[in-house]
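Since chain A is already given, all that's left is putting chain B on it; use the hints.
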Amino acid sequence: DTAVSQTPKYLVTQMGNDKSIKCEQNLGHDTMYWYKQDSKKFLKIMFSYNNKELIINETVPNRFSPKSPDKAHLNLHINSLELGDSAVYFCASSQRASSYEQYFGPGTRLTVT
Amino acid sequence: GENVEQHPSTLSVQEGDSAVIKCTYSDSASNYFPWYKQELGKRPQLIIDIRSNVGEKKDQRIAVTLNKTAKHFSLHITETQPEDSAVYFCAATFGNEKLTFGTGTRLTIIP
Numbered sequence: 001d002t003a004v005s006q007t008p009k010y011l012v013t014q015m016g017n018d019k020s021i022k023c024e025q026n027l028g029h030d031t032m033y034w035y036k037q038d039s040k041k042f043l044k045i046m047f048s049y050n051n052k053e054l055i056i057n058e059t060v061p062n063r064f065s066p067k068s069p070d071k072a073h074l075n076l077h078i079n080s081l082e083l084g085d086s087a088v089y090f091c092a093s094s095q096r097a098s099s100y101e102q103y104f105g106p107g108t109r110l111t112v113t
Numbered sequence: 001g002e003n004v005e006q007h008p009s010t011l012s013v014q015e016g017d018s019a020v021i022k023c024t025y026s027d028s029a030s031n032y033f034p035w036y037k038q039e040l041g042k043r044p045q046l047i048i049d050i051r052s053n054v055g056e057k058k059d060q061r062i063a064v065t066l067n068k069t070a071k072h073f074s075l076h077i078t079e080t081q082p083e084d085s086a087v088y089f090c091a092a093t094f095g096n097e098k099l100t101f102g103t104g105t106r107l108t109i110i111p
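Chains as they are written, first to last, in our numbering: chain A, 1 to 113; chain B, 1 to 111.
Same shape as in the complex, but just chain A:
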């Protein structure tokens, strides 16, 4: 009965590679998010989708491309990985945008070597 799930949980890869992280929610929520949490624990929003439509696109390098095939899924593809991309990436969902509780996935720890 997992609410928000992400795969993989850990991802170790070399600089220059391309990788994807997948997220799924079974809560029937309309809105999904990607956050990046760096080593100092800062939580920064990257993207948000509402009913498959992009509504938030923060200042993120265009090497990061989100895709929402349906409102239950939000994937994150990263091209040409760099050392600075190492972080924990959290997917989250909420009933509607912003003023509702956000349910976070377990996180994906990305390490770029």
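Hints are supplied without guarantee of correctness; some may be wrong.
Stated by the list, open to error - Listed next, the in silico EDC-like pairs over lysine to aspartate or glutamate satisfying Cα-Cα at most 20 angstroms (straight line): (1) K37(B) - E83(B); (2) K98(B) - E82(A); (3) K41(A) - D27(B); (4) K58(B) - E83(B); (5) K9(A) - E24(A); (6) K67(A) - E97(B); (7) K9(A) - E58(A); (8) K71(B) - E39(B); (9) K71(A) - D30(A); (10) K41(A) - E79(B); (11) K42(B) - D38(A); (12) K44(A) - E5(B); (13) K42(B) - E53(A); (14) K44(A) - D27(B); (15) K40(A) - D18(A); (16) K98(B) - E58(A); (17) K41(A) - E58(A); (18) K37(B) - D38(A); (19) K42(B) - E24(A); (20) K41(A) - E2(B); (21) K71(B) - E5(B); (22) K9(A) - D85(A); (23) K41(A) - E5(B); (24) K36(A) - E97(B); (25) K42(B) - D27(B); (26) K98(B) - E39(B); (27) K44(A) - E15(B); (28) K58(B) - D27(B); (29) K40(A) - D49(B); (30) K36(A) - E83(B); (31) K44(A) - E39(B); (32) K41(A) - D70(A); (33) K57(B) - E15(B); (34) K37(B) - E101(A); (35) K9(A) - D38(A); (36) K44(A) - E83(B); (37) K40(A) - E39(B); (38) K19(A) - D38(A).
Worth flagging that the hints you see were computed from the coordinates, not collected in a lab. All values derive from a computational prediction rather than experimental measurement.
Only chain B this time, still in chain A's reference frame:
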């Protein structure tokens, strides 16, 4: 611009004492203020939230107060227990679409 400041960055209290974490926000139109708790290696989870039409909300040992005039809100934890040790994040909505998080407070409860 959108900004949420959180203090202190670290806090240690004796078990049984109270802990207070404070946040200020920049946008007077912000109307939703949640608090998330993140235990080591785990995901952030909502512990309490407050909307702009309310000044205070309490849930057992946890309370949040909001001062809209001063644009600040605080988390109060009473009778602290070891399991309260975690990183706590405040957050505020901006533009009705984006939730901006504070920089986090690492709370340590000393047995």
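Does D85(A) lie within 20 angstroms of K9(A) when you go C-alpha to C-alpha?
16 angstroms, holds
Straight-line Cα separation of K9(A) and E24(A) no greater than 20 angstroms?
13 angstroms, holds
Holds or violated: K41(A) and E79(B), Cα atoms, limit 20 angstroms.
Given pair K41(A), E79(B) is violated - Cα atoms ~26 angstroms apart, limit 20 angstroms.
For a C-alpha distance cap of 20 angstroms, please report whether K71(A) and D30(A) respect it.
6 angstroms, holds
Does D70(A) lie within 20 angstroms of K41(A) when you go C-alpha to C-alpha?
30 angstroms, violated
Mind checking the alpha carbons of K42(B) and E53(A) for me, to see if they're no more than 20 angstroms apart?
Roughly 29 angstroms between the alpha carbons, so the hint for K42(B) and E53(A) is violated.
Tell me if the straight-line CA distance from K37(B) to E83(B) falls inside 20 angstroms.
Given pair K37(B), E83(B) holds - Cα atoms ~11 angstroms apart, limit 20 angstroms.
Does E24(A) sit within 20 angstroms of K42(B), going by the straight-line distance between their CA atoms?
The given pair, whose Cα atoms are some 18 angstroms apart, holds under the 20 angstroms limit.
Run the distance test for K42(B) versus D27(B): straight-line Cα separation, threshold 20 angstroms.
30 angstroms, violated
Would you check the hint for K37(B) and E101(A), treating anything up to 20 angstroms between C-alpha atoms as holding?
13 angstroms, holds
Holds or violated: K41(A) and E5(B), Cα atoms, limit 20 angstroms.
Within the cut-off at roughly 14 angstroms; holds.
So if I understand the rule, the pair passes when the alpha-carbon distance is 20 angstroms or less; does K40(A) with D18(A) pass?
Violated, at roughly 25 angstroms.
The structure is inconsistent with the numbered hints 2, 3, 7, 8, 10, 13, 15, 25, 26, 27, 28, 29, 30, 32, 33, 36, although it conforms to all the rest.
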